[in-house]
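There are 4 protein chains.
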Amino acid sequence: MDSFVTGADGIARSNEKAEAALRESYEALGASLARRGIDIDAMKRKAAEFAVAVPSWGTGTGGTRFARFPGTGEPRDIFHKLDDCAAINQFTRATPRVALHIPWDKPQDPAALKSYAEERGLGFDAMNSNTFSDAATQQHTYKFGSLSHTDPAVRRQAVEHNLECIEIGKAVGSKAISIWIGDGSNFPGQSHFTRAFERYIDSCKAIYAELPDDWRLFTEHKMYEPAFYSTVIQDWGSSYLAATELGPKAFCLVDLGHHAPNTNIEMIVARLIQFKKLGGFHFNDSKYGDDDLDAGSINPYQLFLVFNELVDAEARVPDFHPAHMIDQSHNVTDPIESLMVSATEIERAYLQALLIDRAALEGYQDENDALMASETLKAAYRTDVEPILATARLEKGGAIHPVAAYRSSGYRAKVASDRPLSGAGGGGLVG
Amino acid sequence: MDSFVTGADGIARSNEKAEAALRESYEALGASLARRGIDIDAMKRKAAEFAVAVPSWGTGTGGTRFARFPGTGEPRDIFHKLDDCAAINQFTRATPRVALHIPWDKPQDPAALKSYAEERGLGFDAMNSNTFSDAATQQHTYKFGSLSHTDPAVRRQAVEHNLECIEIGKAVGSKAISIWIGDGSNFPGQSHFTRAFERYIDSCKAIYAELPDDWRLFTEHKMYEPAFYSTVIQDWGSSYLAATELGPKAFCLVDLGHHAPNTNIEMIVARLIQFKKLGGFHFNDSKYGDDDLDAGSINPYQLFLVFNELVDAEARVPDFHPAHMIDQSHNVTDPIESLMVSATEIERAYLQALLIDRAALEGYQDENDALMASETLKAAYRTDVEPILATARLEKGGAIHPVAAYRSSGYRAKVASDRPLSGAGGGGLVG
Amino acid sequence: MDSFVTGADGIARSNEKAEAALRESYEALGASLARRGIDIDAMKRKAAEFAVAVPSWGTGTGGTRFARFPGTGEPRDIFHKLDDCAAINQFTRATPRVALHIPWDKPQDPAALKSYAEERGLGFDAMNSNTFSDAATQQHTYKFGSLSHTDPAVRRQAVEHNLECIEIGKAVGSKAISIWIGDGSNFPGQSHFTRAFERYIDSCKAIYAELPDDWRLFTEHKMYEPAFYSTVIQDWGSSYLAATELGPKAFCLVDLGHHAPNTNIEMIVARLIQFKKLGGFHFNDSKYGDDDLDAGSINPYQLFLVFNELVDAEARVPDFHPAHMIDQSHNVTDPIESLMVSATEIERAYLQALLIDRAALEGYQDENDALMASETLKAAYRTDVEPILATARLEKGGAIHPVAAYRSSGYRAKVASDRPLSGAGGGGLVG
Amino acid sequence: MDSFVTGADGIARSNEKAEAALRESYEALGASLARRGIDIDAMKRKAAEFAVAVPSWGTGTGGTRFARFPGTGEPRDIFHKLDDCAAINQFTRATPRVALHIPWDKPQDPAALKSYAEERGLGFDAMNSNTFSDAATQQHTYKFGSLSHTDPAVRRQAVEHNLECIEIGKAVGSKAISIWIGDGSNFPGQSHFTRAFERYIDSCKAIYAELPDDWRLFTEHKMYEPAFYSTVIQDWGSSYLAATELGPKAFCLVDLGHHAPNTNIEMIVARLIQFKKLGGFHFNDSKYGDDDLDAGSINPYQLFLVFNELVDAEARVPDFHPAHMIDQSHNVTDPIESLMVSATEIERAYLQALLIDRAALEGYQDENDALMASETLKAAYRTDVEPILATARLEKGGAIHPVAAYRSSGYRAKVASDRPLSGAGGGGLVG
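Chains A, B, C and D supply the protein sequences, listed in that same order.
Quick note: the first sequence uses full-length UniProt numbering, first residue 1, plus one each step.
Quick note: the second sequence uses full-length UniProt numbering, first residue 1, plus one each step.
Quick note: the third sequence uses full-length UniProt numbering, first residue 1, plus one each step.
Quick note: the fourth sequence uses full-length UniProt numbering, first residue 1, plus one each step.
Be a bit skeptical, because a hint or two may be false.
Which copy is meant is left open, because identical chains are indistinguishable; a pair holds if it fits in one copy or across any two.
[What the hints assert, rightly or not] In the SDA-like style, the derived pairs of lysine to any residue whose C-alpha atoms are separated by at most 25 Å in a straight line are:
id	residue 1	residue 2
1	K414	P318
2	K17	H321
3	K414	T141
4	K205	N368
5	K277	A260
6	K170	A206
7	K396	E27
8	K277	Y364
9	K277	R36
10	K276	T150
11	K17	R36
12	K414	E27
13	K205	G10
14	K205	T244
Worth flagging that the hints you see were computed from the coordinates, not collected in a lab.
Please read all numbers here as calculations on a predicted model, not as lab measurements.
Use the sequences and the hints to build the structure in full.
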């Protein structure tokens, strides 16, 4: 299966040189963790089980409203994208599922798409609908909204698009749909906040009504962009209200880049867990607005604090399985490299959170020993768990150093010959 | 009644000089509004009916953690404060109710306090409990929280303090209690978000259980301060969850200064109205953090947009009576002047919002005519309604120019002789 | 001259119905201002003299990285754009100059372009270079920067592009060049801050060396976008340093939308005036990130406070002539309407700032009478100066109600027949 | 010398149990670093040389404007504070200097103070003046400003206070004065930005004129608080202008908590280094406004990125010695513990920055390999350097685990018996 895209041989060769040093590091870390009462092999098993989905659209070079600077060998269709996703998974062994984006990835033959993916060791995560841009074939424009549009015909079109996403998802084995809309307003007065939200909920109810019993529907909030004065689902409060109106299969999706400056995101995660509405994540990082930088590249401690909540909930909350997805825009890097590194950073945060001495932490919390509570988190965070992650990868057939192995594989150059250069265009996202 | 504090004569004298010009302005504005189909006298009646409560604690000079610079003639007890509040109401005729803060204003004889207020034309608005600082007499410290403290004894103490506030409130004629707590954490890990929120809700339930049937309980969110990493009720989402857990008499209070940067506050107001949980407001303004500047002094258009939502709801929502309260810190001005001006700015925003051509606005919203929707709001906003406000004041016995009339009344100098100078202290709030 | 695009007849007809009411309002306002010691006719003359440049690129519908939703009748070349700019000026009589953007507006025959503009009553403002996207013909990509690129060949290409802009500008009668670059980084470590800034300054020196003596060069700061971790000119401090390194013909351009949340922009304006480096403005408004909403649509008081600084400086600073330009993105409105309204809002803020009683203000400032200082600004701000603006327009041949007159002129429908629909593209800006 | 406060015996005893494990960790880390070409002993020497000053005022429990919750055994005078600072230094061996705050720490006999400090192994860092609160003895109030006040008498008083600080500093062996003022405004219009800045610079020139030749003067910017609409030195741009006006002995101080949301602080550091005006740091951390949390407790990667700039400059910039000072508010922890941990976190960030492979980083920067540049920083950052820090402490006589050793020393209980409990007061800072 590996031979389709990268070749296990290449990975093995790249690992050869690094393995001795890794074994040494793993052993030293094992001894150190043992002194803290932690079994490194148990941690390694946790790492091996961890998975995060990659977005098909993330395999292309992203852009801004100013420009898009295409890379070489960008995928031109969903099959190319799956090849790239397979490569990511082969090197990292942490990304066995792909999130599709319709209509960008709309398959003519869903069954064939499913087979193509399966042959590459891939399955499908949440389906993502798109009513924030106009497809060439659609009747009504989304310029002034989609699911919350004032015109029922536009809303109906947007609902039907979502239903089509569910149909495709059923065919390829997905179990969830993520609904993010660009609806909102650019001017005070442009939109009646209450009526727009009522229309949104009504439209979502029409989608929810067709949701299979074993599916989940994710509502996703975003403070701004593409609407710049208001958005219909502006924050977790509105997302919670929407998911609650819809019913028990509706949950909230937290995209780390969609909040007001300074927001304590880990606390939002805790609230949604407590009220049984956390659906999952779109992982990325950001310094200013919603800029979709690589997960863990700007504020890795925040990512760790999010996983602190998740690991805490794993032990307390029955049947706790939030979706893990990456959603980033790779404007200046090779998307495959960014996705490999991001998957690793997310896994790293998870491992670090697993190392937290929770009994001690609870004790400090009960005694209001703020300093030692903080120190307890930091002690886990500053543990360099790379030897665990690398060993887990190695033992699953992945690469000790994914980026180096990928670079030496020559994958990008190989696929570039089959994939014509895409245009710079006016910037923005690529379908 | 006026003679207690300022004297109606002084107001009348100050009005004499200004009245002719006011009549002229009122007439010109009336003609202009008539051309827009608006009856200025109807607007004047609306202005006359408008009221916003003043906070007893706002009559003292505020401070920061760095310093407090006391003014002359600051009130030293609740009777002084009521005198000041009466003065504010006499000049503005817009602030007939006072919000008390316990223990700062704790009366030895509530009935006497009520009479004292009534003699000055004042009633009482929401009661405000204080579990964010330690009173000299209390057994347990609130250093690590109050209603959400890990120690049940502390929580019990905080609950009982709130119950005492209700008792006092019943005696003085209040119908609501505002619960704002300083609980939170300064370090990641210090507090378990979920358990702290559970404890908070449990404590509030104990208070709610004793709430009279005709009372409302207000939960108030704040992003930070005095806790600087997390707060228990950090945003409207948590406030909504708390109020919903408590029951139909619990509502959310929106303090304009308690949000993340860039937050669209008017949208939060709309959401809380829609889901029947808007309790009311703490009005103020701010440029950076929660700094409690005078309402309308920094971003008056935002205040107008909040009232746009309220006026819109007045027509749509049955039994819609959110509480209007000012909550500010007057560090560099005479608090009486700031409260008079703030009350006027709030009333101004209300009047401007009343002038919005709602039928036209709805039409533009339905047609997605963003520009004309925006222009419709701006046309109302840029109307100078001061002649309406001033005439309403004049006809109710208030001052055409409240600040000028107050200054010429010599009130501050008069009371200063009875009130010893307070200390600069280490800064902060004053009880 | 008017007949080229809109027809003075249409404007006259649209004014007929509104003129009587305007005269009445003007008279009433004149009486009211006279009571404040202000001569309304003098104000009207100031309004008539006021001008703000419109950006050629602003006449097209803007977009985001997600999508662009084109309007009908969008300009397809610089001649169309000039037609639209002429229409804006005809209705508002406040926008006699156009800012060009090269290569989007690159003329084959600059002299012909100049004549075309002059025939429509238009001149040219600052030239704008573009090294933030790749033109089809250029040799090197700007993916990793332009004037600050690590590769001297790329820097040279970017310098030469700017020199070409100056050449074109000389031919069409411009007197300034605005340099805004997208250079920066998306990841910590990607760029060496100091070396990048050194390279930027070196490149600008090469441009500055060719700047005609009677030209100005504007450096423009922006906190983020398209670079999302760092930008080379991230704030006014770096812009000031760059302009100072370059010399006396270099000045800083303040775009209102390019700052960190909560920034006190009017204070930056004051600092740049004080240190003789204020070059001018890109006017717009924003609620969150840099979203280029219409000037005055979100926080009009802030716009007024900026003009408070400018009017204050007019009286104090010799030879004070900052450039006034609009720079916005019109995603959901007709760009012509947004530009007309924005020009009017900017002029409104200027007029309101002229009404400030500066002698009184200075007195309050000297006495630290914070409340009356604030009230003095607000008294000017809340004056509805629309009758002055409208009368100034009327007397110069413009429209009393520009948007209404424009709509009834049928201009957009007329030009739409000559202009094919542009594509939705991947979003973003349009050339 | 140790016997004064804590006793070296206690430290030795606490180290005994931990030493074996530390030796093991150090050896393992040494092997791992050796594989990366890094000599761990050289790193340990760097750690041993590192020092950061502690603020005398940080030894007391801080507060907010709402409340201050005093701890037990708080220092009541400067001698107590020096005892606490000595303890911090004994355990950490990284804080040999103390920053004084006048008038809070004003010595009656500076020579005696110096001796007292020297006996405890302490010297003095920058002097800190206080013109943001009123001392009991001063003639004029700073309610409306100090160095920038409109009244020359107030400015003179503030200048003289600063001169007195220099005099005291000379007597105790300080070589720098930090000037931070609370001057600013709470209302638009209250202050004339330009005149206030001119007055500030004039006042500073009077101080600068008396500055000894081997001293440095630090200007410190802050976005807001205690002034909430504008501050006189609002950002690094104004700080740079002020320092430049003053002369070559004036430098800018960067307090990590004094910036707008989202600000790229490490870039400001780079700019100030480049233009030779970086004076030093006030280290702390924050999540929202200026809240002075413990350094490294909220965003440790940002602290690392700041030190990345410093380590980079060490190699490039001759005579590069920025001042390192902690400036925090310890509201819920034992101040001694917070200061020990903070000193360690700052040292940790320095050590991690030393581990950056700078040759590789420069190569990636030159090639625009954004991903590998980012990975290069992260590889250094995720190295757990605690064994180096602990060994350096151990070898200098400090504690392997400072907090644990301090707690078992019983220091706080010991001093509590000599120090009466301080009052809760109205909140805020403590002198």
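Taking the hints in turn, this is what the structure says about them:
| no. | hint | result |
| --- | --- | --- |
| 1 | K414 x P318 | neither (46 Å within a copy, 48 Å between copies) |
| 2 | K17 x H321 | neither (37 Å within a copy, 42 Å between copies) |
| 3 | K414 x T141 | between (39 Å within a copy, 23 Å between copies) |
| 4 | K205 x N368 | between (45 Å within a copy, 24 Å between copies) |
| 5 | K277 x A260 | both (21 Å within a copy, 23 Å between copies) |
| 6 | K170 x A206 | within (17 Å within a copy, 48 Å between copies) |
| 7 | K396 x E27 | within (19 Å within a copy, 30 Å between copies) |
| 8 | K277 x Y364 | neither (28 Å within a copy, 36 Å between copies) |
| 9 | K277 x R36 | neither (35 Å within a copy, 46 Å between copies) |
| 10 | K276 x T150 | between (32 Å within a copy, 23 Å between copies) |
| 11 | K17 x R36 | between (31 Å within a copy, 14 Å between copies) |
| 12 | K414 x E27 | neither (37 Å within a copy, 44 Å between copies) |
| 13 | K205 x G10 | neither (50 Å within a copy, 49 Å between copies) |
| 14 | K205 x T244 | both (11 Å within a copy, 22 Å between copies) |
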